[in-house]
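Following the hints, put chains B and C in place on chain A, whose structure we already have.
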Amino acid sequence: MMKVSLFATCLIDMFQTNVGKATVELLERLGCEVDFPKNQVCCGQPAYNSGYVKESKEAMKNMIKAFEHAEYVVSPSGSCVTMFKEYPHLFEGDAAWHEPAVKLADKTYELTDFIVNVLKVEDVGASLNGKATYHSSCHMTRLLNVKKEPFTLLNNVKGLEMENLENSHNCCGFGGTFSVKMGQISEQMVDEKVGCIAKTNAEYLIGADCGCLMNIGGRIERKGQPVKVMHIAEVLNSRR
Amino acid sequence: MVNGSIQNRDSFLDNIAANLKRSRRTSGVVKPQWKHAPQHEVYRNYSPDQLKKELENHCERIHTRYVETSSQHLPAALEEAVANYGNGLVCTWNDPRFSEYGLNPLMEKWETSSSLHVWNSVKGDENIKLAEQANVGITFSDLTLAESGTVVLFSSAAKGRAVSLLPATYIAIIPKSSIVPRMTQAAEMIHEKVERGETIASCINFITGPSNSADIEMNLVVGVHGPIQATYIVVNDR
Amino acid sequence: MSMKIGNDQFKKRVDDGVNNAFMRFAVSGAQERLRSRRLDAAEELGNWEEWRALGEEIRQHTLENLDYYLEQLTDNVAKRGGHVFFAQTAEEANEYIKNVARQKQAKKVVKSKSMVTEEIHMNAALEELGCEVIETDLGEYILQVDDHDPPSHIVAPALHKNKEQIRDVFQEKLSYKKTEKPEELALHAREMLRKEFLSADIGITGCNFAIAESGSISLVTNEGNARLTTALPKTQITVMGMERIVPTFEEFEVLVSLLTRSAVGQRLTSYVTALTGPRLPGEVDGPEEFHLVIVDNGRSAILGTEFQSVLQCIRCAACVNVCPVYRHIGGHSYGSIYSGPIGAVLSPLLGGYEDYKELPYASTLCAACTDACPVKIPLHELLHKHRQRIVEKEGKAPISEKLAMKAFGLGAASSSLYTVGAKVAPAALTPFMSGSSISKGPGPLKAWTESREFPAPTKERLRDWFDKRSDDGERKHSK
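Protein sequence lines, in the order shown, are assigned to chains A, B and C.
For the first sequence, the positions run 11 to 250 when the working numbering is used.
For the second sequence, the positions run 8 to 245 when the working numbering is used.
For the third sequence, the positions run 103 to 581 when the working numbering is used.
Treat the hints loosely; a few may be bogus.
Which chain B residues face chain C? A few, computed with CB under 10 Å, are given here [to be verified]:
#, residue
1, ASN26
2, PRO45
3, GLN46
4, VAL49
Calculated directly from the structure, the hints in this document are not laboratory data.
From the three backbone atoms N, C-alpha and C, an ideal C-beta is built for every residue, glycine too.
Chain A extracted, bound-state conformation:
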């Protein structure tokens, strides 16, 4: 049995527990033994991206320690996994932390990447009726290079009709603290994204990054649009 340690992410832990639950159930159904290293808190991205590298390093060290004994680390968040992949570079030259950082980066996978490329599964046996469109998050596609895996898995979900999202290459405007520091610009970006989603007439907006989904979902809700936002883990765990 594959031993997987869940890297839940702080956003999911506090605000989107359903996504975490779906991830655990899905992985277990696919034959994994899932544990939850208790000491994990945050990958450090919020502070790191704003330029607070020193402050973020303490959070990073905590993560490196928390997952020390894990075999596989899997997370339903492309941008958080990308952050882990940065650790080796950030701890370069640090005798105590560089090796452990490399080890962690090497064994960490984003969820869809893990399912398709490690578990070698393309059809997870999920079913969800309806029209959906998928938002590809920037960090996952450009920095982590995980592009087709979500589509591979979604195309095998019974009853799900996937629509192409126009201008999918344009960022949704989350960017962590950008969404509050540069609120006006962020609003314009998310509005364009919501407009493109509306054009697809999809009932579901699916994504693999909670930050993006909170951003887009929050705007959709404020505008009162009838689109249900779902994380891909929830879709893949769906068996209606």
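Frame of chain A; chains B and C shown alone:
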């Protein structure tokens, strides 16, 4: 030749070296063997006819009229092309190829009706005035790039820059043998000339069709400051 | 520092940008067009990544040996009778150019588009002398006629203007009597400017790439104005940023290919012109006198730093054309003639953090720019390095943010502290919750909730759910 001059060089370059945290490099820098060479793959091993075909295919994209002919029919083709642009004053390089390609009779015909100006360095600025008044500028292509539909012109006393620039329209006579795959081959040639210590032309123009701009609402307008229309006449047996 | 546009604060500039409906419509349309042209041009080649890798190699080697190649270049310029002036600062460059104008008793100067001459504010310096300086690039000409409106894009400077606005400006300033049809507007510009080209005393250009092995400078254009600027006036001055140089014609053609495809999706532009010195004996067009002004203006201070790769830039604007932020705020919002991602990295370096500290934060670090750059500048990483510098060395981050981040640092480093905080959060936020959302949040949430709902923290954290499951004896969890 006039003597040139250089001011403030040492302090400027010393400062660069200091920022790069090393001493000045004044010699011994060798260009590395670049790890990639994709430019040599384009149209590799294409025959002259294949290259010519690429050139023809590209002309439409660059709003250029493409004509093919033989040296026997070149005078007729050229006369037709000039008529197509409305005749008027024709301006050409002072280039032995006009004679070599059997164009003297046509040139004389134009001469007689006062509709020809051949670039003549003795006349100085007068050349520019006439080029400005001309309706058609005609040159040979010194080298032609198939991939981009480009004619390469090397300036000289007899081959003024203005001939392919000031007249309202432009016609290039292209010997088939002058067609190479792309700029890579032209660059190689020029580079070798420089390495041999030869003086290269004061102006080397890579010209691709007529002038254009997309500065107004991104709408492409063909014909701005340079020629408004262009024709390429390829001579098959040259 | 005359890279700067205007004196408004960042927030106001962004506000103006967001509220300029035509500009946003024009910019997003242009982005779509230019992005797809670039992708088509790249796909056509079939091995674009190899081209990018080669472009990066060439630029990096050149920058590492910049002093060597500049020396070789200028030796060769002088051998051909050209005059070279190395200008450490904008002021020095302008002084030299003014001296040439004085010597020539120049009254009229024609210019082809050059970002570096905008950067050093050259036009104003010449105008002080009483010279008439005429922009001949169609976009720049339009802006100049329109009371010196600054450019909003490196390659398409008048992107923010619609054809009706241009027609109105031409009517007002140039006795134009026709319509807003682009062909007619362009024809009018052609007629007006022809006269100027033929009567100008000096032609001034920028330089796309200087070629060290031969002492040549090159211009990559579509309109023909750069050719006219360098063929007709008797004196030519070329101004170049010191890093705009290649070793030989062989690298020149590679970078030109990358430039034309990345900027406008063309295999080559209408005119690529390599000029070497003044005219040769016997020639009757081309300049009699040639000057090359090589400008530093803060570039050397970037060498040898973590930002050195930004000097690889070939000014194609591919990054600008994919930036989702530029898309909504436009070029003027950056407050600098260099806008978009390249502008956000370069402007603080050349112009200082005081004026430009917001720019590195006006980004989600989506990396579209890094992906698009033909010479592989890691733009989003450089934006991040600016943020690090602003926080750590410049001390320009707001105090409240510094404190919040310190708290984050502590809380995220220890799961027990986190647990305390996580228990507090739902309680603290309860007053703001309605159902499972927060519509009007406090503190940092306020900016969020101005346009979005924010999810309320769940009653049970995931880890607690996981714990409960394990306690029920079904699954293990690690300590």
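Interface restraint verdict for VAL49 of chain B against chain C (beta-carbon cut-off 10 Å): Holds: closest Cβ of chain C sits about 8 Å from VAL49 of chain B, inside 10 Å.
Hint check: is the beta carbon of ASN26 of chain B less than 10 Å from a beta carbon of chain C? holds (4 Å)
Holds or violated: is there a CB of chain C closer than 10 Å to the CB of PRO45 of chain B? PRO45 of chain B check passes; min Cβ-Cβ to chain C is 4 Å, inside 10 Å.
Close enough to count: is the Cβ of GLN46 of chain B nearer than 10 Å to one in chain C? Holds: closest Cβ of chain C sits about 6 Å from GLN46 of chain B, inside 10 Å.
Consistency note: the structure conflicts with none of the earlier hints.
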